[in-house]
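Chain by chain, the residues run as shown.
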Amino acid sequence: MFYKMGYELIVVLIVGIFHTALLKKVLDTFLSAGDKKGLTWRIVFAGYYLLTTAAYGIFHVSFLYEMCNLAGIIGVTCFYRGTWEKKVWISLVFFCMDTGSGAAASFVGSETIRMQQSAVSALLLLICVAVVCHIPDPKESREKALDKKQMFLLSVIPMLSVMVFRGLLYGSIDRLTTVFVCVAVLALNLCVFSLYHILLKNYVQLREQDIYKQQTIAYQNQFELMQESQNRIRALRHDMKNHVLALEGLVKSSKPDKVMEYLASIQEFMNNPSEHIYTGNEALDSLLNFKLQRAKEELKRVETDIVLPEKMNLHSFDFNVIVGNLLDNAIAASVRTDERFLKFSMRMENGILFLYMVNSCKGIPEGVCEIRRLSEKSYAGHGIGLTNVQRIVEKYHGDMEMHCKDNCMETEIMLYRKSM
Amino acid sequence: MYRVGICDDDKILCSLLEEQIQGLSAEFSVKFEIEVWYSGESLERDLKKGTKLDILFLDIELLQKNGIAIGAFIRDEMGDADTHIVYISSKQGYAMDLFKMQPLEFLVKPISAVRLKEVLERSMKRKKYAESCFEYQRGSRIFRVSVKEIVYFMSMDKKVLMIKRDGQEEFNGKLKNVMEQLPTGFLMIHQSYVIHQEYVSEYSYESIKMMNGDVLSVSKPYRKEVRAKIKQYLKEKMYNVL
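Residue numbers (this note's numbering), protein chains in the order written: chain A, 165 to 584; chain B, 44 to 285.
No lab work stands behind these hints: they were computed from the structure. Yeah, the Cβ is synthetic: ideal placement off N, Cα and C, and Gly gets one too. Wrong hints could be hidden among the right ones.
[Claimed, not checked] Listed next, the in silico BS3-like pairs over lysine-lysine satisfying Cα-Cα at most 27 Å (straight line): (1) B:54 / A:475; (2) B:201 / A:464; (3) B:134 / A:464; (4) A:422 / B:217; (5) B:252 / B:263; (6) A:582 / B:272; (7) A:422 / B:54; (8) A:559 / B:168; (9) B:267 / A:188; (10) A:559 / B:274; (11) B:134 / B:207; (12) B:207 / A:200; (13) A:188 / B:201; (14) B:274 / A:582; (15) A:569 / B:160; (16) B:160 / A:559; (17) A:559 / B:134; (18) A:419 / B:54; (19) A:201 / B:160; (20) B:152 / A:464; (21) A:582 / B:54; (22) A:189 / B:54; (23) A:507 / B:217; (24) A:201 / B:263; (25) A:569 / B:272; (26) A:507 / B:280; (27) B:170 / B:263; (28) A:201 / B:54; (29) A:475 / B:152; (30) B:160 / A:582; (31) B:219 / A:475; (32) B:201 / B:263; (33) A:200 / B:170; (34) B:201 / A:201.
[What the hints assert, rightly or not] Examples of chain A residues lying across from chain B (beta carbon under 10 Å, computed): (35) 185; (36) 460; (37) 461; (38) 514; (39) 566; (40) 576.
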């Protein structure tokens, strides 16, 4: 008797560890861990382990244990970063797999393997987790979230599955059918999972398409700018003879002031008013000229300060996402204020690219801004928020900070050029 | 007294700039000693003869020897990293080579009074900082060294190795105590490295390359803090804000 109890206790303890490790694996795959320290995570998962093991010890496989388990899972997800819909969904998926494998194991196992039941269920869970974690590309699955409606529909499936498992437990269906239903429902869940992955892929593609579209418009704009400059030069060349004659006349009549005035007017003629920025990096120039043109049309005061080396290989797609989104957000926020002010600065020093932007804003509390919150309120309108900018910055080990002071939003981004 | 050099083939711009700088003298309560050159060659000749400058306004598009060549002459041939170079140009595009000269700033012609004032202020602030000294003890003697000579510190057992622009020194001590004595431009990137940010040639997340070619690694637990400090430092350096 004691031997049996001791043995069971050891199995429960070991399976508990295994169970917690699997939860960690799933959550790590689908949610971003943020920048919490290792110790925090150890405490969080130890807490979950103790809670579920204690609940199992007291209630065994029962409704109460399952509620504790679900609460524990949701509790752990709270420490991760991501929207709450996604957290609920992933918790439900794990919970469904857990309940499903538990139910399947309890039906398969006859009295003889009663003790190993938890081990068998853990093994089943391992298989499910392995499949679930290998379907998607881990990097992508952590990055994006679908919208609320889609997330809700996705969450309904594991939720209903859990109900089916409970129904099977209380119903009087023969064992073989029950096991079959359990496995079928689990497989169904896995199918939905791969559908989720396909949905995500489509979403990513749509997003990239959107950015390409923006870029094409920007290139077109730059092309028009260049054409305009060309036209001006051609016109000047055409009139050169006349200008030279006019200047000659002015010099002969020794009117230096008039000469200077005439030269200044030629120079002014050569300036292309819609070319705001020239850095020598075509992709960046076209994007900046396009966005700043819009800014100058919509805002009262636009200042720029850009010092970058020519041909610095900034063709990075991600880089365009950062600059484009930042300016879109800043312009959108600034338009709603009375000052309508924007300052955009970009500099490179010692291998570090520094972006500094100030724009007038209103309705945002003073102090350091949480980017996730702002992003939800962003007015950019095409679904690519500041969160994505932040993610890209993090990808390159850079740093992003936004703070609001006297109704002015200050954005600072630093990136290491080497990693871009 | 602050020694200012202007080198540009546009004589009107030179005299205008000279006037502008002289006009700021009262505001900064500093006497500016301004010298003007109209060609890169004449400037080079005088520098060879021993003319020393605190700040040099240098045109990028000089006729024969251009701004890049003069910059390279000052930094590489003369081995002078102290003179602040401010590049002036009539266009906004800058060649990559210009950035290697560690210029203090780029200004676009016509030079705005606000930018000029800001650049001079930054230059003087940095010069003042470079005058501070670091003290260390070897045996019973106390040595002093100007911080602008120090490239980085490295700890080895109970000793600290100080790598200077020319050569190195060794003394007993702990890096943490050394760090406490140093002004803001120094940064601890590893439990055995303290670097002088003035002498960094390129930063990356995992390592930092110094101007003397040494590459030092940033240890994992320090990386985030180092990144924040680099950001702060560069922000101050580039925008003169804190």
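Of the hints given before, which are not true for this structure?
-> 1, 2, 4, 8, 11, 12, 13, 16, 17, 19, 21, 22, 23, 27, 28, 30, 31, 33, 34, 35, 36, 37 and 39
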